[in-house]
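Just so we're aligned, residue 767 is where the sequence shown starts under the working numbering, counting upward by one.
Keep in mind that the hints were calculated from the coordinates and are not lab data. Any given hint might turn out to be false.
[As the list claims (entries may be wrong)] Distance ranges between label pairs, derived from CB positions: (1) K775 x T828: 15 to 21 angstroms; (2) I824 x R851: 22 to 28 angstroms; (3) E784 x S808: 29 to 35 angstroms; (4) S854 x N806: 41 to 47 angstroms; (5) N791 x R851: 16 to 22 angstroms; (6) M785 x D805: 33 to 39 angstroms; (7) L773 x S827: 19 to 25 angstroms; (8) R821 x K775: 24 to 30 angstroms; (9) N806 x L783: 26 to 32 angstroms; (10) G820 x M848: 18 to 24 angstroms; (11) D805 x D780: 26 to 32 angstroms; (12) S808 x R850: 31 to 37 angstroms; (13) H795 x R850: 24 to 30 angstroms; (14) E784 x T828: 24 to 30 angstroms.
[Said to hold, decoys possible] Simulated crosslink set (SDA-like; lysine to any residue; CA at most 20 angstroms straight-line): (15) K837 x F772; (16) K782 x Y798; (17) K775 x E833; (18) K775 x L788.
Beta carbons are placed, not taken as given, at the ideal position from N, Cα and C, and that holds for glycine.
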Amino acid sequence: MKRNDFLEKIKKYDGKLEMWQLETNELCHGDYILGCYFDNDSKVWKVYINNERGRQRIKLSTKDEDEAFDKLFSMVQFQAEMIRRSQS
767 MKRNDFLEKI KKYDGKLEMW QLETNELCHG DYILGCYFDN DSKVWKVYIN NERGRQRIKL
827 STKDEDEAFD KLFSMVQFQA EMIRRSQS
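Working from the sequences, and respecting the hints, build out all of it.
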């Protein structure tokens, strides 16, 4: 998925991710972040999640930007579904 497609599709999740924040340009070290960025050192896209204590886990490293945004979108969908289920 292209970055612009991701940014368009993600609009439907506005207000549905509660404490989760999205970052698509850089590595952030805060709590509750879903993100991706291009690592200039290793020349790959990295998709990551930070938990409630800011502990970061790289979920995917890839040279393909589209693959990175696909993975990030699936992570957003998963978190939104977990939040929805917890409210039921």
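List of violated hint numbers, smallest to largest: Those not satisfied are hints 5 and 6.
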